[in-house]
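Peer 1: All chains, full assembly: derive it from the sequences and hints.
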Amino acid sequence: MNVVVIGIGLIGGSFAKDLKRLYPNVNIVGVDKNEAHLDEALELQIIDEKGGYGTLAQADVVFVSIPVDAMVRELPKILDAVGEETVVMDAGSTKELICQSVAQHPKRRNYMACHPIAGTEFSGPSAAMEGLYEGKTNIICEVEKTAFKLQERALAIFQDMKMRIRYMNPEAHDKHIAYVSHLSHISSFMLGKTVIEKEKNERDIFDMAGSGFESTVRLAKSSPEMWTPIFEQNRDNVVETLEEYIQNLETFKQLLLQRDYENVYREMSDTNRIKQILKGIPLTKNRT
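If you count the sequence shown from 1, position 276 lands on 276 in this note's numbering, and the numbers rise without skipping.
Hints are computed from structural coordinates only; laboratory data are not their basis. Note that the structure is predicted; figures quoted are calculated from it, not measured. Where hints are given, some of them may not hold.
[Stated by the list, open to error] With a straight-line Cα cutoff of 25 angstroms, these simulated DMTMM-like cross-link-like pairs (lysine to aspartate or glutamate) come out:
#1 K162 x E121
#2 K149 x E134
#3 K107 x E134
#4 K107 x D80
#5 K275 x D236
#6 K33 x E121
#7 K20 x D69
#8 K145 x D60
Peer 2: Structural data, given as structure tokens:
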């Protein structure tokens, strides 16, 4: 199997590492605008060779893991270059604009719109790991627009990686992911910002930070280059979730100001049912 991975960072590199583990005869070509990433990926044996869009015509599978603003620009060019029997998959955290960008493309049938919900706060080829996708959910949008035999090829890979598959339309994906992923990152960034600003006056604040703070602020270490375009593309849904979140924070603040500790307790107790909702979902440091 000939595979081209475009974007050799955490997501693309982890995909490549799993392919190498699962399929010993796979040949993986890396494409990245950052030459240092390609050199590092070669040194780490994540990829077998460097390439460019000229190598896409011979690929069985193309996996695209670049920032979503670049995805909108580059995906049509990628489809222009692939062969008739190539399946192109992406890992974009937004789906509506990406799907729109290729809706009328002559090779739309070659594209499967995906979002594997997996990752860590780290980036670059050195962050890549085997097994990142195992047990994680992969959301596939507009699957009916992908040629059936190409669907089968992609789904076989996902099955071998032991991923869970969910089907969703792009609009629903972007709305739901704003709550379960995008809002989490904003909360983490802003908590980190608040503490950093406070630290200017209290130098020992980080010495007192426990595991709760560390786990909550972990996502603030994520790449701004990746997340700013995500927030831009999903702005309306993100703003809606922020309005609800801010209202909940304001309500909680008012309960404290009113010394209404009975309802403070009730707010937290009611939210404890998140444990049942998330039961069976591995809440590890590798999940975002």
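Peer 1: Let me make sure I understand: some of the numbered hints might not hold for this structure. Which ones are they, in numerical order?
Peer 2: Violated: hints 3, 5, 7.
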